[in-house]
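**Q** Each chain is listed here by its residues.
Number of protein chains: 2
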Amino acid sequence: MSMGGVSLPLFFFFLATISATSHGFSMDIRHLFLATISATSHGFSMDIPHQIHLLRPKAGSRNNDVPGLSCLSWRLGVETNNVIGWATVPEKCAGYVGHYMLGQQYRMDSEVVANEAILYAQSLKLAGDGKNIWVFDIDETSLSNLPYYAKNGFGVKPYNPTLFNEWVNTGKAPPLPESLKLYKKLLLLGIKIVFLTGRPEDQRNVTEANLKHAGFDTWEKLILKGSSHSGETAVVYKSSERKKLEMKGYRIIGNIGDQWSDLLGTNAGNRTFKLPDPMYYIG
Amino acid sequence: MSMGGVSLPLFFFFLATISATSHGFSMDIRHLFLATISATSHGFSMDIPHQIHLLRPKAGSRNNDVPGLSCLSWRLGVETNNVIGWATVPEKCAGYVGHYMLGQQYRMDSEVVANEAILYAQSLKLAGDGKNIWVFDIDETSLSNLPYYAKNGFGVKPYNPTLFNEWVNTGKAPPLPESLKLYKKLLLLGIKIVFLTGRPEDQRNVTEANLKHAGFDTWEKLILKGSSHSGETAVVYKSSERKKLEMKGYRIIGNIGDQWSDLLGTNAGNRTFKLPDPMYYIG
Numbered sequence: 001m002s003m004g005g006v007s008l009p010l011f012f013f014f015l016a017t018i019s020a021t022s023h024g025f026s027m028d029i030r031h032l033f034l035a036t037i038s039a040t041s042h043g044f045s046m047d048i049p050h051q052i053h054l055l056r057p058k059a060g061s062r063n064n065d066v067p068g069l070s071c072l073s074w075r076l077g078v079e080t081n082n083v084i085g086w087a088t089v090p091e092k093c094a095g096y097v098g099h100y101m102l103g104q105q106y107r108m109d110s111e112v113v114a115n116e117a118i119l120y121a122q123s124l125k126l127a128g129d130g131k132n133i134w135v136f137d138i139d140e141t142s143l144s145n146l147p148y149y150a151k152n153g154f155g156v157k158p159y160n161p162t163l164f165n166e167w168v169n170t171g172k173a174p175p176l177p178e179s180l181k182l183y184k185k186l187l188l189l190g191i192k193i194v195f196l197t198g199r200p201e202d203q204r205n206v207t208e209a210n211l212k213h214a215g216f217d218t219w220e221k222l223i224l225k226g227s228s229h230s231g232e233t234a235v236v237y238k239s240s241e242r243k244k245l246e247m248k249g250y251r252i253i254g255n256i257g258d259q260w261s262d263l264l265g266t267n268a269g270n271r272t273f274k275l276p277d278p279m280y281y282i283g
Numbered sequence: 001m002s003m004g005g006v007s008l009p010l011f012f013f014f015l016a017t018i019s020a021t022s023h024g025f026s027m028d029i030r031h032l033f034l035a036t037i038s039a040t041s042h043g044f045s046m047d048i049p050h051q052i053h054l055l056r057p058k059a060g061s062r063n064n065d066v067p068g069l070s071c072l073s074w075r076l077g078v079e080t081n082n083v084i085g086w087a088t089v090p091e092k093c094a095g096y097v098g099h100y101m102l103g104q105q106y107r108m109d110s111e112v113v114a115n116e117a118i119l120y121a122q123s124l125k126l127a128g129d130g131k132n133i134w135v136f137d138i139d140e141t142s143l144s145n146l147p148y149y150a151k152n153g154f155g156v157k158p159y160n161p162t163l164f165n166e167w168v169n170t171g172k173a174p175p176l177p178e179s180l181k182l183y184k185k186l187l188l189l190g191i192k193i194v195f196l197t198g199r200p201e202d203q204r205n206v207t208e209a210n211l212k213h214a215g216f217d218t219w220e221k222l223i224l225k226g227s228s229h230s231g232e233t234a235v236v237y238k239s240s241e242r243k244k245l246e247m248k249g250y251r252i253i254g255n256i257g258d259q260w261s262d263l264l265g266t267n268a269g270n271r272t273f274k275l276p277d278p279m280y281y282i283g
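Top to bottom, those sequences are chains A and B. Residue 30 in this note's numbering sits at position 30 of the first sequence; the count goes up by one each step and never skips. Residue 86 in this note's numbering sits at position 86 of the second sequence; the count goes up by one each step and never skips.
Since the hints were derived computationally from the structure, they do not count as laboratory data. Hints are not guaranteed to be accurate.
It does not matter which identical chain is used: a pair holds within one copy or between any two.
The list that follows gives simulated cross-link-like pairs (lysine to any residue, SDA-like), each with its CA atoms no further than 25 Å apart [as the list claims (entries may be wrong)]:
id : residue 1 : residue 2
1  : K92       : N270
2  : K157      : E116
3  : K125      : W86
4  : K172      : P200
5  : K125      : T233
6  : K212      : M247
7  : K151      : K185
8  : K172      : N145
9  : K192      : S123
10 : K92       : K184
11 : K244      : N165
12 : K243      : T266
13 : K244      : T266
14 : K151      : K244
15 : K221      : I84
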């Protein structure tokens with residue numbers, strides 16, 4: 001296998017200042033980042049040999065030194081439910097996940113999901129009996145906790161329920177714009193919305209206020225996790241609540257969430273949509 | 001396909017200011033983005049944009065002009081089963097998918113999946129009764145058709161069964177190295193292998209020879225799609241074959257494939273693993 005000469009000099013200068021005043025997050029990043037990468041015999045070896053047969057065992061672990069690449073693989077593993085049960089974002093992916101969440105890729109990834117969901121919903125021939133519902137998870141699906149996570153390490157630090165609940169209780173979570181767009185389209189199509197969240201019952205008032213403030217004006221039901229479900233996994237709790245909905249005659253034509261535990265189990269819906277979330281895992 | 005030399009000088013200057021007022025994030029982004037990209041003897045371009053962005057509705061469709069980003073979103077949509085039922089890779093993602101498949105990212109993405117599967121298998125306390133099996137799909141899971149797809153447009157062209165079967169009948173498909181590594185580890189753990197493929201019965205001999213040639217020396221069963229399943233979707237066919245296995249007393253402790261139709265349906269296995277495949281979709 002011959003290696004064509006590949007050189008990838010990369011000069012990269014990056015300066016960013018992010019500041020937020022009266023809102024929950026502040027972040028100040030000043031990077032002067034200068035990197036020159038040239039890969040001739042190793043590393044970012046995008047070598048395209050004369051014979052296409054790149055499926056050879058890799059020479060070593062050097063490839064893992066390329067930050068974006070391996071963290072992208074980790075993120076893909078998370079999003080496809082291959083990487084499960086993790087407690088925190090890998091330390092080495094801290095910067096990667098932060099930039100992903102604040103950057104354009106997260107937005108575009110979310111947009112693809114919302115657009116597919118809209119195309120699907122528009123393709124349906126729906127009975128006009130008011131029984132068609134779409135289940136929305138709340139955190140990182142309808143409302144975004146990015147202002148909180150931007151201040152608290154983007155999932156690299158262990159989950160801190162005290163701090164997180166303080167944030168939730170401010171009621172200031174913004175909407176995910178792509179989900180809000182989907183929500184509005186669904187309402188226009190006559191589909192009713194059910195919010196199904198792992199947030200506890202005692203956050204009902206602040207959650208209602210936050211949803212309304214974020215633009216989610218109306219819903220058929222807002223289901224929070226009651227004490228009867230305490231100790232249940234998200235899959236078990238959400239499956240049982242979805243089953244109750246179907247027993248009441250609702251048809252779950254769609255279901256959207258950022259965790260696979262929103263979408264797996266029973267009564268999952270005719271079609272499910274997985275939004276990205278590389279910051280935390282709920283089983 | 002040969003590539004003499006690729007040089008990718010990239011000069012990137014980025015300045016962003018984000019400010020949030022009382023609610024809804026307002027943002028001011030200024031960037032000076034200068035990129036010089038040159039690719040000799042090959043027609044691809046690679047833009048590396050960067051933008052720090054906080055949940056602001058997008059101004060327009062401009063983002064879709066950035067090839068790498070939107071094709072990455074499309075690929076993520078495919079891998080998460082959000083984008084389904086597609087016949088061919090979007091034209092604009094032709095170069096992206098080709099480079100992905102031939103480059104390091106595909107390898108690393110596959111490695112994450114195989115490593116997770118190995119960790120899972122090693123964590124199990126297995127009965128030593130010889131009834132533990134792991135189901136492997138074949139194409140783009142055990143064997144790679146990349147040499148074929150590299151010559152035939154990486155999924156951009158419509159599926160051509162005549163040409164594809166000619167390739168299959170050469171019996172020259174290489175193994176996916178990460179899957180072969182998983183396969184060998186599973187055998188060492190005393191787990192038996194069942195290959196379950198949509199390839200038809202009349203490709204049994206060439207498939208057996210190809211598997212052996214590629215290093216998959218042994219298996220408990222090799223299940224090809226018999227004529228009794230003709231017309232069935234992959235989900236239906238594979239579910240029914242897995243059900244038969246479980247009725248015979250086998251325990252499907254793992255199941256790996258490149259298509260969600262390998263992993264959905266009934267009797268899917270205690271845990272499933274999704275390998276990447278942005279080249280084609282089987283429902």
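**Q** Does each hint hold? Answer for all of them.
**A** Status of the hints after comparison with the structure:
1. K92 with N270: Cα proximity of K92 and N270: none, with 38 Å in one copy and 30 Å across.
2. K157 with E116: Between. Shortest inter-copy distance 22 Å satisfies the 25 Å Cα cut-off; intra-copy 33 Å does not.
3. K125 with W86: Between copies only: 21 Å across, 40 Å inside.
4. K172 with P200: For K172 and P200, only the intra-copy Cα distance (17 Å) is at most 25 Å; the inter-copy one is 57 Å.
5. K125 with T233: between (34 Å within a copy, 23 Å between copies)
6. K212 with M247: neither (28 Å within a copy, 52 Å between copies)
7. K151 with K185: neither (32 Å within a copy, 42 Å between copies)
8. K172 with N145: within (9 Å within a copy, 50 Å between copies)
9. K192 with S123: Intra 16 Å, inter 43 Å, cutoff 25 Å: intra-copy only.
10. K92 with K184: neither (38 Å within a copy, 29 Å between copies)
11. K244 with N165: For K244 and N165, neither the intra-copy (28 Å) nor the inter-copy (49 Å) Cα distance is at most 25 Å.
12. K243 with T266: both (7 Å within a copy, 19 Å between copies)
13. K244 with T266: Answer is both; intra-copy 11 Å and inter-copy 23 Å each pass.
14. K151 with K244: neither (38 Å within a copy, 52 Å between copies)
15. K221 with I84: For K221 and I84, the Cα distance exceeds 25 Å both inside one copy (30 Å) and across copies (29 Å).
Checked against the numbered hints given earlier, the structure breaks hints 1, 6, 7, 10, 11, 14 and 15 and satisfies all the rest.
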